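Please model the entire structure based on the sequences and the hints provided.
Under our numbering, think of the first position of the sequence shown as 1, with each following residue one higher.
I should point out that these hints are in silico values taken from the structure, not numbers from a laboratory. Heads up, a few of these hints could be off.
Claimed, not checked - Straight-line C-alpha distance at most 30 Å; calculated BS3-like pairs for lysine-lysine: (1) Lys41 to Lys78; (2) Lys50 to Lys69; (3) Lys69 to Lys41; (4) Lys95 to Lys78; (5) Lys69 to Lys58; (6) Lys41 to Lys95; (7) Lys41 to Lys92; (8) Lys92 to Lys69; (9) Lys95 to Lys35; (10) Lys69 to Lys35; (11) Lys92 to Lys58; (12) Lys35 to Lys92; (13) Lys35 to Lys58; (14) Lys95 to Lys69; (15) Lys78 to Lys35; (16) Lys95 to Lys58; (17) Lys78 to Lys50; (18) Lys50 to Lys95; (19) Lys78 to Lys92; (20) Lys41 to Lys58; (21) Lys58 to Lys78; (22) Lys50 to Lys92.
To be verified - Cβ pair distances, simulated, as ranges: (23) Thr40 to Glu94: 13 to 23 Å; (24) Pro52 to Asn85: 29 to 39 Å; (25) Asn34 to Lys58: 11 to 21 Å; (26) Asn85 to Gly49: 30 to 40 Å.
Note that the coordinates shown come from a computational prediction; the quantities given were computed from them, not determined experimentally. Where a beta carbon is used, it is the ideal one built from N, C-alpha and C, also for glycine.
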Amino acid sequence: MMGNGKRSGCIHGSKFCRHTTVTEPARRVAEVLNKFPEVTKIANGAISGKGPSQFGIKFFQIHGGWMIKVFGAHAVQKLHVYTDNAQNTRMKLEKEFSANLR
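Put into structure tokens, the structure is as follows:
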């Protein structure tokens with residue numbers, strides 16, 4: 001628990017589901033997504049451990065948006081992103097993280 005009453009390792013806001021922890025690389029992506037007006041909900045998914053890797057993102061289309069795998073130094077986290085305009089959301093996120101696409 002942080003001094004402000006919020007749990008550390010979680011993200012907060014009206015678009016975020018509050019059921020799980022978020023890795024630092026996934027937090028970076030989620031905070032950018034939160035600024036997009038077409039994004040309606042961001043749900044943190046499973047975190048799986050893996051060997052050392054560079055930061056990167058990979059898109060998988062789902063009904064209503066994208067499942068985005070966010071690769072970090074020691075873990076991969078899935079973000080389920082629900083949006084009113086899936087293609088625009090992907091295009092804007094790819095532009096923001098163009099050097100980190102997989």
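Results for each hint:
1. Lys41 to Lys78: With a Cα-Cα distance of about 14 Å, the restraint between Lys41 and Lys78 holds, given a limit of 30 Å.
2. Lys50 to Lys69: holds (13 Å)
3. Lys69 to Lys41: With a Cα-Cα distance of about 16 Å, the restraint between Lys69 and Lys41 holds, given a limit of 30 Å.
4. Lys95 to Lys78: holds (20 Å)
5. Lys69 to Lys58: holds (5 Å)
6. Lys41 to Lys95: holds (20 Å)
7. Lys41 to Lys92: holds (16 Å)
8. Lys92 to Lys69: holds (16 Å)
9. Lys95 to Lys35: Given pair Lys95, Lys35 holds - Cα atoms ~14 Å apart, limit 30 Å.
10. Lys69 to Lys35: It holds: about 19 Å lies between the C-alpha atoms, which stays within 30 Å.
11. Lys92 to Lys58: Judged against 30 Å, a Cα distance of about 14 Å means the pair holds.
12. Lys35 to Lys92: Holds, at about 11 Å.
13. Lys35 to Lys58: Answer holds: Lys35 to Lys58 is near 19 Å, not above 30 Å.
14. Lys95 to Lys69: holds (17 Å)
15. Lys78 to Lys35: With Cα atoms ~19 Å apart, Lys78 and Lys35 stay inside 30 Å; holds.
16. Lys95 to Lys58: With a Cα-Cα distance of about 13 Å, the restraint between Lys95 and Lys58 holds, given a limit of 30 Å.
17. Lys78 to Lys50: Since the Cα atoms of Lys78 and Lys50 sit roughly 13 Å apart, the hinted pair holds (cutoff 30 Å).
18. Lys50 to Lys95: Holds. Lys50 to Lys95 sits at ~26 Å (cutoff 30 Å).
19. Lys78 to Lys92: holds (18 Å)
20. Lys41 to Lys58: holds (18 Å)
21. Lys58 to Lys78: Between Lys58 and Lys78 the Cα gap is close to 10 Å, so the pair holds against 30 Å.
22. Lys50 to Lys92: holds (28 Å)
23. Thr40 to Glu94: 13 to 23 Å: holds (19 Å)
24. Pro52 to Asn85: 29 to 39 Å: Holds: the Cβ-Cβ distance is about 35 Å, inside 29 to 39 Å.
25. Asn34 to Lys58: 11 to 21 Å: The hint (11 to 21 Å, Cβ to Cβ) holds, given that Asn34 and Lys58 are roughly 20 Å apart.
26. Asn85 to Gly49: 30 to 40 Å: Given range 30 to 40 Å: holds, Cβ gap about 34 Å.
Hint compliance for this structure: every hint is met.
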